[in-house]
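I would like the entire structure built from these sequences, with the hints used as guidance.
4 protein chains.
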Amino acid sequence: MLNQVNKQHIRVAQNASGRSMNVPVYHIKGQRPGPKVYIQSSIHGAEVQGNVVIYHLIQWLQTMPICGEIVLVPNCNPVGTNIKAGEYTLGRFDPVNGTNWNRGYYYDPEQIAAFVNTVTAEESVSSIKQRFRDHLRTAIANKLASPWGLGLAQQLNLRLQQLALDADFVLDLHNGPVSTRHIYIPEYARESARAFNFPHCIFIPNVFAGALDEATFCPWWTLTDSLNQRDNRDIDFGIEAFTLEMGSQEVIDFAEGEIDARSIISYLTVKGLLPESQVSPAVMDRIGVALKDYKTLFTSWGGMVEYCARPGQHVKQGELLARVLNIDELDNDKGSHDILAPCDLIPMLHFPSASVLSGTQLYKCFTEYYYLTRQQDT
Amino acid sequence: MLNQVNKQHIRVAQNASGRSMNVPVYHIKGQRPGPKVYIQSSIHGAEVQGNVVIYHLIQWLQTMPICGEIVLVPNCNPVGTNIKAGEYTLGRFDPVNGTNWNRGYYYDPEQIAAFVNTVTAEESVSSIKQRFRDHLRTAIANKLASPWGLGLAQQLNLRLQQLALDADFVLDLHNGPVSTRHIYIPEYARESARAFNFPHCIFIPNVFAGALDEATFCPWWTLTDSLNQRDNRDIDFGIEAFTLEMGSQEVIDFAEGEIDARSIISYLTVKGLLPESQVSPAVMDRIGVALKDYKTLFTSWGGMVEYCARPGQHVKQGELLARVLNIDELDNDKGSHDILAPCDLIPMLHFPSASVLSGTQLYKCFTEYYYLTRQQDT
Amino acid sequence: MLNQVNKQHIRVAQNASGRSMNVPVYHIKGQRPGPKVYIQSSIHGAEVQGNVVIYHLIQWLQTMPICGEIVLVPNCNPVGTNIKAGEYTLGRFDPVNGTNWNRGYYYDPEQIAAFVNTVTAEESVSSIKQRFRDHLRTAIANKLASPWGLGLAQQLNLRLQQLALDADFVLDLHNGPVSTRHIYIPEYARESARAFNFPHCIFIPNVFAGALDEATFCPWWTLTDSLNQRDNRDIDFGIEAFTLEMGSQEVIDFAEGEIDARSIISYLTVKGLLPESQVSPAVMDRIGVALKDYKTLFTSWGGMVEYCARPGQHVKQGELLARVLNIDELDNDKGSHDILAPCDLIPMLHFPSASVLSGTQLYKCFTEYYYLTRQQDT
Amino acid sequence: MLNQVNKQHIRVAQNASGRSMNVPVYHIKGQRPGPKVYIQSSIHGAEVQGNVVIYHLIQWLQTMPICGEIVLVPNCNPVGTNIKAGEYTLGRFDPVNGTNWNRGYYYDPEQIAAFVNTVTAEESVSSIKQRFRDHLRTAIANKLASPWGLGLAQQLNLRLQQLALDADFVLDLHNGPVSTRHIYIPEYARESARAFNFPHCIFIPNVFAGALDEATFCPWWTLTDSLNQRDNRDIDFGIEAFTLEMGSQEVIDFAEGEIDARSIISYLTVKGLLPESQVSPAVMDRIGVALKDYKTLFTSWGGMVEYCARPGQHVKQGELLARVLNIDELDNDKGSHDILAPCDLIPMLHFPSASVLSGTQLYKCFTEYYYLTRQQDT
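As you go down the protein sequences, you meet chains A, B, C and D in turn.
Just so you know, the numbering used here puts 27 at position 27 of the first sequence, and the rest follows in order with no gaps.
Just so you know, the numbering used here puts 87 at position 87 of the second sequence, and the rest follows in order with no gaps.
Just so you know, the numbering used here puts 288 at position 288 of the third sequence, and the rest follows in order with no gaps.
Just so you know, the numbering used here puts 231 at position 231 of the fourth sequence, and the rest follows in order with no gaps.
Incorrect hints may have been included.
Same chains, same label: a pair holds when it works inside one copy or across any pair of copies.
[As the list claims (entries may be wrong)] Straight-line C-alpha distance at most 20 angstroms; calculated DMTMM-like pairs for lysine to aspartate or glutamate:
| hint | residue 1 | residue 2 |
| --- | --- | --- |
| 1 | Lys-29 | Asp-328 |
| 2 | Lys-29 | Glu-329 |
| 3 | Lys-292 | Glu-110 |
| 4 | Lys-7 | Asp-328 |
Just so you know, the hints here were simulated from the structure itself, not pulled from any lab data.
See below:
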């Protein structure tokens, strides 16, 4: 192997038997300096396919010349992965209190405002970058040292965020329920949409809702905007962070994992980490949407549902999305009820069970979407 | 419509708010006398596709001349269907105590032995049949009237069994986790395998394990054997009961439901209930197996699994069934582990989640199987 | 009976069988005009004791002269009450997605700011009150009519909020895990602490976190502050809302329910609804605390815990709160670990299970508390 | 310390992250030979108090002269202890398939019959004992080596049974839901009821239902009966096994644990393991009941329940056991419903949640009970 992999385990929790729950951290350091990359998977415990992607990445990265370093953290939430409820994995939230495992990362805009006051108009970008990282590192360490303790999800998130803190590029690998590939991209880094091979791209603004990608880019985005505005500078710290949604949860598929690993290799190549890589972004249709136009369709009916529209399918307004069976009216024409598309849309994902209560999130859909790249343009 | 459908609701439980939980009972009575059929679906709450099959059956049966009568009970377990645990339905067992919803039907071989003593060698088959039904009806009513009460699953089972009690043919509609079509058939009724369009047939002996099909045929089988042996008669009561496994749980699919409805119409036609029906059994491969050769493969590894063999696929001994990812060894050749077929087999179903503990039922498989019918024979 | 009780049921959800889930609404209208009161219980499904309190209230209110009217909604969350997971009730959050059932009420400060602009300095308080209620009513109705639908918890919350909308006094009846009586009171209504018989009172600022009490008082508080500041007026709309925590979840106790019903009757008497009531507030110790001083103690240890400090007990800094058993060290002096009070405190509640992961919320505690009233003062 | 404790960990399962789940095994060997004792706790994961009892036992046993040896296995089911569903522990059954964790031990009466054929009328008791243990050891090892694997609960049970196999006295420490102390005793060892300090004793016949105590004594009982009957001998192998129910689940209480540890020390003293122990059985009331008279009361009502009769309370026929609140009838005299004792009884335990569906096991009760010992007799 060209590159050595350094492997460690860090403790992120202790279970009710008093046993440690550990996360493996794989670290690959290139021969030459360059950017730092942080990749984690399975913060939502049932979204396991990212672990296969990391498996393939490690195979590849061991054999390629690297400028920079890459930290890979598969199965980063061992609590979530191991909560079975029936045959499936209850991986999205803490079963004790309902806390989403992906909402407890650190972001404090007031502290950033205070930090901005410490920066002079003359301070170099690299100095600001270093000091801001130290500032974030201290803030997270302080949180973790709180004398009254912290909730489990937040503890887990902060320990992972410590690993991601000095990365330039952060990739958080997720899956949808029943889903097609899509990626969340901060608006300021929209050019990076072309570096990955994701057919569906959601562009998100500088708003923090708790996830790792936001916790990574919001501080830098806010800092950049504040300084550039105040000092009329044109600083760009070059930090990017993404949430990659790679197909459906509860699935391991080695062949599909290779496709997504290739997509990430493509991004790393574009970013200069892999000087001899021959992998370039695919020539393909890429569709973009603003986060505000990425809409959730809730059912107002409870019942048993056939999902007629597939994730990725282009659906016209008024076309059939789903049919709800009505078990009390099987002998008449109310035996099933059609749910139609309220506008032109592309479903990204649908609920994974046929049995739904009213108010269930049936579909999440692109609306008002547009083409970023087209296959035939080339 | 040619036939009227009579619809009633029966109460099977009361929830923690004190509200009744009801089951719809559809009753279609033909113009002419004939056998009685009982069909229920979704005793396991996540196995919902049978409800669509009943939907299609009701559409068809409303328009066809019928000799006999048919009782159809969709969503027969409203408790099980409504237990969500995460996005999926925890439908196989009572979440309070783990009791399988399909194991509490009535069968008491000692009482049958006592009943046998009341039958003379001269009693007519129809008289025995009538008296035995009365005997079973009384026994179930007595159980339900127990002064100390009964558990929820058993109450539900017994109330459904009361509806099925005087049927000649009982069909219990199920689904597997991720599954291909298969059917459970009592050995004495093996000829009926040819009347359905199921590619995989499991033949079961006269052993009671708690399910509705067994609770239906075991009493008659035991009675028949006892009388025929004692009196050297050749009585055949003609009672048949089947468990039909129609694809995967958590899925509603109207088109697939039509295929299974057609298969049931074919059986009813063969049995003489539908004198003008043109539906005859398909010309197709049908594979049989003895229950003792229908084997469960448990994993001795915990981990994340790719299911490489599809349900229905013919797998040779030593071929790959599944791969287990090992997240602690992604940097070396122990990163994944292969699980191989211990003999020639056909998987009927596999576990629906990629995340498994050791001791999880990965696959259920036909071994030592044989062809009952072949497509090319015709 | 002196007063008639009007009883209706409203539909708040539809289950996976397509059946309606209904909530009973009891309405008692007095002989004379007066304030309107709204009381609900069990929005968290395992917190059932409020239903008994409402039972006692209805007995009493049927026989007492009333100025005004009272709406009582027991078991207001029939979804939450009916989710069993093992023997207990998973009532705090939607099992599908983890959403807390008490966080989806409507509050929109921007809309209030817009409403303020429609108020002239001369408009009468009663006119403002009426128009603001209409404004809120329309806003909630619009939300419920959203073309893409709404999540189940939010739908439920908004339908209940519609019932509470024109009440002057709103009481939301809750329980803690293992808990002593305490009550949440908006700071501006701190005098009302003396009208109830709660030994522990938490005073909360004008900050919305999603619960019904906040959703009730935050709009009026914000409106009041805006108008009084802008126009130098001294408006007081007189709207009050409280969350009452009446002992432990998973418990029904008719005798204890009478004590809490008496406490509420005392409040209604003080507020003038019950002109002939002899019930006056108890002479007792009442302890107050600011919300910021109501602290949660998380364990940094996973293990098996004895809760040594009782809810309501006064604990000095350094005294024993809990002991954690360490099953791997039973043969040496690390067999158990003590958790000590970080400061003087009074626990209000503790976690209800002995088995905890690290990061579990062990205790919620009053710190920096003070006496509002003392028994011996009188 | 007088006695050294040998501590090992054995692997009983592997979780979905591929990590081992281990059980601690404490082994204390006395200075002189004597019987072997096996004690385990928490096979049902929420029944944790036995771990405290083992903690106290280890403290005591380290300091007392011992004839024989004692193996103690706390937290013997690390899977069950760590399954949280909401705040509580779903510890009684495998959440994947509902399998009770205490029903998969090995017992095969046909194999025993075959073994009996290998015994001559002249073979010594000690030789039979040794050979029968070898026979059982081989049978369990063969089961565990099954080429198609085994389910998780059965694997766990068999690995524990291997540890218990050569013990003379086996104690399985459990708790009830909300419960008073009671103990299950095989009928042939009824004298041992006087050696423990349990106020309630259930005597069980030679019937196997899957639990560890039965799996321990049924083989020896069956063997004894077969040989004694066949050969007219009077063999007594002296093997005893008990299930001890020590109060309520979800509770750790160090002081109560000492009481139960003392009760076990008393038994060990009577059995000769602790030659210098001063601990003798308490002078107390002990009440006995036949297993057939230990009855479960199921509710035929769903609703919210106050448990009016305490575990251990003597209740006369017709007295109040429980009241069910009816939230739809709070304004009339059907607002609550009384459940009365169907005969004179003593409840041992009741359901731990106020919210129940119809068919819930409300109480388990002694009926037709009698006094084994009386406090005042002495």
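Against the structure, the hints come out as follows:
1. When the C-alpha separation of Lys-29 and Asp-328 is checked against a cutoff of 20 angstroms, the pair qualifies only between copies, where the shortest distance is 19 angstroms, while the shortest distance within a copy is 63 angstroms.
2. In the homo-oligomer, the alpha carbons of Lys-29 and Glu-329 lie at most 20 angstroms apart only across protomers (18 angstroms), although the nearest pairing inside one protomer, at 64 angstroms, exceeds that limit.
3. Taking the shortest alpha-carbon separations for Lys-292 and Glu-110, only the inter-copy value of 19 angstroms comes in at or below 20 angstroms, while the best intra-copy value is 25 angstroms.
4. Within a single copy, Lys-7 and Asp-328 get their C-alpha atoms only as close as 58 angstroms, which misses the 20 angstroms cut-off; across copies the closest is 9 angstroms, which meets it.
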